[in-house]
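Asker: If you want the building blocks of each chain, they are given just below.
There are 2 protein chains.
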Amino acid sequence: MTQAPDTRTLADVDEQELLDTVLPRFAASDDVLIGPGDDTALLRVRSGASLATTDTMVLGRDWLDEWSDGADVGHKLVVQNVADIAAMGGRCTGLLVTLVADEGTRLQWVADFTTGVAAAARDAGTVVVGGDLSSAPAGTRMVSITAFGELDHVEPVLRSGARPGDVLAVHGTLGRAAAGLLLLQRGTVETNTNLVQAQRRPSTAYEQGPAAARAGATAMLDISDGLLRDGGRIARASGVRLDIDPAALAGDIQALTAAVGAADAETCVLTGGEEHSLLATFPSGTLPSGWRVIGVVTAGSGITVGGQEHVRVGWDHFGSAKTD
Amino acid sequence: MTQAPDTRTLADVDEQELLDTVLPRFAASDDVLIGPGDDTALLRVRSGASLATTDTMVLGRDWLDEWSDGADVGHKLVVQNVADIAAMGGRCTGLLVTLVADEGTRLQWVADFTTGVAAAARDAGTVVVGGDLSSAPAGTRMVSITAFGELDHVEPVLRSGARPGDVLAVHGTLGRAAAGLLLLQRGTVETNTNLVQAQRRPSTAYEQGPAAARAGATAMLDISDGLLRDGGRIARASGVRLDIDPAALAGDIQALTAAVGAADAETCVLTGGEEHSLLATFPSGTLPSGWRVIGVVTAGSGITVGGQEHVRVGWDHFGSAKTD
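So the sequence lines, in the order shown, correspond to chains A and B. Numbering-wise, the working numbering puts 161 at position 161 of the first sequence, and it's gapless, one number per residue. Numbering-wise, the working numbering puts 200 at position 200 of the second sequence, and it's gapless, one number per residue.
The following block holds chain A by itself, in its conformation from the complex (with noise of 0.2 Å):
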């Protein structure tokens, strides 16, 4: 006999049910001194500072049910918000969830997502302190997450710090979770599994945030909106230009030509977002390991590829087309 799937939404429960299905699948940690439950969290930072962001996701826009469940949204958004922290050189220390939900909510998707933002969180090394569930008008659905973090014994990594004579380098993939989403937009979703899921499910080594940091990385940051967009922040915070190697990239758009066409596959590695790998700049020579370069940084200004200006095809483009 198997059990009957829980067809039951948020309209069947009341506030206390709810806070049943989300508050068990949390764990404890020893810094977190009160959880949730209470009108704040309180959370230990030993180093007198605290690292903050918060990142958003909207049904309809970052994500449809027809591509990712809960868990897929629960992690998707602990990682892009934990990369933050990374991309600063810092620690994840703790993490505030917000739910807005409309009451035809199916009560297993809030269970599925808390269980995806649980273990996204334990891959990281930190916990759940508090968040808030709030309704929404019929077709609004919401999640957000505010990350805390702290700064090991390392100086804090800003998007400003590239110096002429620095290398520009990567840490992970490039454009496998753009080209994820190419093959859900065109149903082609069998012939490669994998960048699928890179889409659904993408990863960064937040232990590179401050082994970069340790190593005299002068900028940081995550590639949320495509290499392209992402090293134009550094250059613009910088003052400086990025120039891109195209032969540092040749092997990334090869592992994607068989999926999705060489043509696609060069868009998706100079201007695919969501995939959260870290991008940064180093003092020549001091590159930490697992890192590659893919280009130099010089005086000027703006990104450029083989010394060449791209026309830059931004993810905006792919952004809109997951509404349309």
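This list has only true hints and no planted wrong ones.
If you only want the chain A side, here are some residues facing chain B, beta carbon under 8 Å, derived:
| # | residue |
| --- | --- |
| 1 | ALA41 |
| 2 | LEU42 |
| 3 | ARG44 |
| 4 | GLY48 |
| 5 | THR56 |
| 6 | GLY60 |
| 7 | LEU96 |
Worth flagging that the hints you see were computed from the coordinates, not collected in a lab. Quick reminder that beta carbons are idealized off the backbone N, C-alpha and C, glycines included.
With chain A fixed as given, assemble chain B onto it according to the hints.
Answerer: This is chain B only, laid out in the frame that chain A set:
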């Protein structure tokens, strides 16, 4: 010559123009080591621990544009978050602000909202340290704040510390925000603009949170869902009964009777939410200045009025009416 009103919507501006509308309205602070613009904020934490709380408002559920302008929404959102910090005995040290809005949202609304947030933050002695701007499907608008705080040489005041023999006390008004909402619903706003203002722009004497903590408050929260419901939360968390003295509320009810009638006045005082006055329990004889006793803590469970269980008319009554 008068200036033409700004009729642009979010569809007419790019992300940078939107940031240029928002960021100049926010003040700086010595305790904000890194403010808006990088991957995360970095906030000094002097006491070794950070309070953190988050609260969200959704168009059509928590406000209507016909009744509250952008500045009102920004103001109320700050108050309901900072009141949570105060209700732990804390002082607010920074805010992260999230705006999720469809592209039909007027840029002027965003400017007004930002102005309201900035002004209310200044009133609370705090600043905006960062946030998130996100687009949304048509008809969706949602704002959220995460507030940070510190405890200055006091222990956090939880909901769970009330003990038999303590007194129940309130600082500030009761039922005024709910009465203002009733006037808006009835379309009789002109009868009492002060009450409508209490609905649009509630206020909390934030400094009374730390003052209550120093005076030995045993439990505390702010009244966001009504005296009976929020008092019930203290009773449940502390394992005690709260008994409210009806005579202590006579003045609060009398003050609303002319505007909404005697029966609704009582309902507003006992069950009206969004008031954000502070409610706390104190050992007998330790009441700080400005607080007034409205009941006692006894052995038992639940909340009573004059020893009787009250027919609970919860905040949901008004809350759902708002969106009908």
